[in-house]
Amino acid sequence: MKLVTAIIKPFTLDDVKGALEQLGVLGMTVSEVQGYGRQKGHTEVYRGAEYSVDFVPKIKIEVVIDDAAVEKVLEAVVEAARTGKIGDGKVWVTPVDTVVRVRTGERGTDAL
Amino acid sequence: MDTGDTAWVLTSAALVLLMTPGLAFFYGGMVRSKSVLNMMMMSLGAMAVVGVLWALYGYSTVFATDLGGGLLGKPFEFFGLDGLLAADQLSGTIPTIVFVSFQAVFAIITVALISGAIADRARFGPWLLFAGLWATIVYFPVAHWVFDFDAKDADGNVTEAGGWIANKLAAIDFAGGTAVHINAGAAALALAIVLGKRVGWPKEPMKPHSLPLVVLGAGLLWFGWFGFNAGSALGANVTAGVTFVNTIVATCAALLGWLIVERVRDGKATTLGAASGIVAGLVAITPACSSVTPLGAIAVGAIAGVLCALAVSLKYRFGYDDSLDVVGVHLVGGLVGTLLIGLFASDKAPAAVNGLFYGGGVDQLWRQAVGAFAVLGYSFVLSLALGYLVKFTVGFRASEEAEVSSIDEAEHAERAYEYGSLTSARGTGKASVAAGATAVLEGSNKS
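Residue numbers (full-length UniProt numbering), protein chains in the order written: chain P, 1 to 112; chain G, 1 to 447.
Accuracy of the hints is not assured; some may be wrong.
Stated by the list, open to error - If you only want the chain P side, here are some residues facing chain G, beta carbon under 7 Å, derived:
(1) Gly41
(2) Ala49
(3) Tyr51
(4) Val70
What the hints assert, rightly or not - As a list, the in silico DSS-like pairs of lysine-lysine whose alpha-carbon atoms are at most 30 Å apart:
(5) G:Lys348 <-> P:Lys40
(6) P:Lys9 <-> G:Lys207
(7) G:Lys152 <-> P:Lys40
(8) G:Lys152 <-> P:Lys58
(9) G:Lys348 <-> P:Lys58
(10) P:Lys9 <-> G:Lys203
(11) P:Lys60 <-> G:Lys152
(12) P:Lys60 <-> G:Lys348
(13) P:Lys85 <-> G:Lys203
(14) G:Lys348 <-> P:Lys9
(15) G:Lys348 <-> G:Lys152
(16) P:Lys9 <-> G:Lys197
(17) G:Lys207 <-> P:Lys58
(18) P:Lys40 <-> G:Lys207
(19) P:Lys85 <-> G:Lys152
(20) P:Lys60 <-> G:Lys197
(21) P:Lys17 <-> P:Lys40
(22) P:Lys9 <-> P:Lys72
(23) P:Lys60 <-> G:Lys34
(24) G:Lys207 <-> P:Lys85
(25) G:Lys203 <-> P:Lys40
(26) P:Lys58 <-> G:Lys268
Calculated directly from the structure, the hints in this document are not laboratory data. All residues carry an ideal CB built from backbone N, CA and C; glycine is no exception.
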């Protein structure tokens, strides 16, 4: 099993979620996060003063999937999240040892 | 006595009283969510202290027999408002005790205005101490200079002398551009210097946590300001009508002026700018509302809106943390309104004086300038002295830890927004006995 973590622009969340649903991904965890990548932050002007905003608001999506689905999922997420502009985000894949469904005690892919 | 006049002044007093809770919302919305209550409590604290002092010796210091030179009234002539309750005690066409109530709420709001300069970092007790000292040593004398007019007999001879700015100098300050706004604005600058910058200022943005509260506050202030300006006519008459209309149009023009500056300078017109523009316009028209025509009021408002919007950036250049722009709005707005009388006053308005642009020459302009800068200088120097007095005796500023975590929690044991928390405290089921001492001890251990 693999954990796919995607950092995306907040307004692309609906598209990414739709694309994952179409692939039959059954669950996901979403959090509001802040951070920066190569683009660093940006500057904002408010009430006559300029501020540098170091951390930009992003959405983090986490899904655990079967090994066989990794390529399709990556493709779907990247496709849905891409605007072509700087700051579109990143997706990475990490191996997962085991997963347990709390209600039934099922393990492994049965628990997904 | 005139019942219509009396009813209007009583109503106006209630309107002006509402301005201070309104100010609490205006300021409260502008701070970060962790220090809303401390901000609002400074307004309520000013009500508590100044309202009581007003009845004890405040009114007397402002309006009793002049001690000499138009500088101060006898503080204890009407101690506890003694001798002012009889039906035949009149101020013009209204009972004196009604005038007492109207002027009481002016004293309260003036002190409360200062607090915006020291948001997020002032301890509550020392603020109350400062409020009492400042009202006594700065506001009461200055209000005497500006608001206490000579009493005259039927032939125009002075029977009882009042304050020097109102009478000898004859500067026009209808409702308090000098005594209220320049006065509070100069004190705000002094306290911003005494208390120093907030942790993280000016690098961190520190944006307002609730602009809806700011707009609510600005609305309440504007509503109450009709009592402030039109009520200062001290009668239900045409002067009240003219000042009322000027209080509308000048404020609208200032709102527009501020937003245009923001759009041009920053790219966007902000809600905070709209609310600030409202207050800037109200401040500027306060001294001028009886001496300009509605067109003059539009000019005064527009100029104030533009200049105040530019002035709020000064703190970054000079490095003083006037957190909520009391200097930029009240000191600058007060100066603009007070000085522009010298240019825009028209004898068609109730005050019947012509300024420079209406053929009156510079006579009124220099009187306005002397009045404005006398109040500015007196207030700034004494506020600085009183601020340092409080700072070096009981201490004025909260600890850095309290400021960073939450001054609301540290000073008032409350939070404005109690969201559920994993680490919320559990009750012990015991009533708190000798709460003060133990709470202080426990609070410092936990935080």
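Going through the hints against the structure:
{"no.": "1", "hint": "Gly41", "verdict": "violated (12 Å)"}
{"no.": "2", "hint": "Ala49", "verdict": "holds (6 Å)"}
{"no.": "3", "hint": "Tyr51", "verdict": "holds (5 Å)"}
{"no.": "4", "hint": "Val70", "verdict": "violated (35 Å)"}
{"no.": "5", "hint": "G:Lys348 <-> P:Lys40", "verdict": "violated (61 Å)"}
{"no.": "6", "hint": "P:Lys9 <-> G:Lys207", "verdict": "holds (23 Å)"}
{"no.": "7", "hint": "G:Lys152 <-> P:Lys40", "verdict": "violated (72 Å)"}
{"no.": "8", "hint": "G:Lys152 <-> P:Lys58", "verdict": "violated (72 Å)"}
{"no.": "9", "hint": "G:Lys348 <-> P:Lys58", "verdict": "violated (61 Å)"}
{"no.": "10", "hint": "P:Lys9 <-> G:Lys203", "verdict": "holds (26 Å)"}
{"no.": "11", "hint": "P:Lys60 <-> G:Lys152", "verdict": "violated (77 Å)"}
{"no.": "12", "hint": "P:Lys60 <-> G:Lys348", "verdict": "violated (67 Å)"}
{"no.": "13", "hint": "P:Lys85 <-> G:Lys203", "verdict": "holds (28 Å)"}
{"no.": "14", "hint": "G:Lys348 <-> P:Lys9", "verdict": "violated (61 Å)"}
{"no.": "15", "hint": "G:Lys348 <-> G:Lys152", "verdict": "holds (25 Å)"}
{"no.": "16", "hint": "P:Lys9 <-> G:Lys197", "verdict": "violated (35 Å)"}
{"no.": "17", "hint": "G:Lys207 <-> P:Lys58", "verdict": "holds (20 Å)"}
{"no.": "18", "hint": "P:Lys40 <-> G:Lys207", "verdict": "holds (21 Å)"}
{"no.": "19", "hint": "P:Lys85 <-> G:Lys152", "verdict": "violated (77 Å)"}
{"no.": "20", "hint": "P:Lys60 <-> G:Lys197", "verdict": "violated (36 Å)"}
{"no.": "21", "hint": "P:Lys17 <-> P:Lys40", "verdict": "holds (26 Å)"}
{"no.": "22", "hint": "P:Lys9 <-> P:Lys72", "verdict": "holds (20 Å)"}
{"no.": "23", "hint": "P:Lys60 <-> G:Lys34", "verdict": "holds (27 Å)"}
{"no.": "24", "hint": "G:Lys207 <-> P:Lys85", "verdict": "holds (28 Å)"}
{"no.": "25", "hint": "G:Lys203 <-> P:Lys40", "verdict": "holds (17 Å)"}
{"no.": "26", "hint": "P:Lys58 <-> G:Lys268", "verdict": "holds (24 Å)"}
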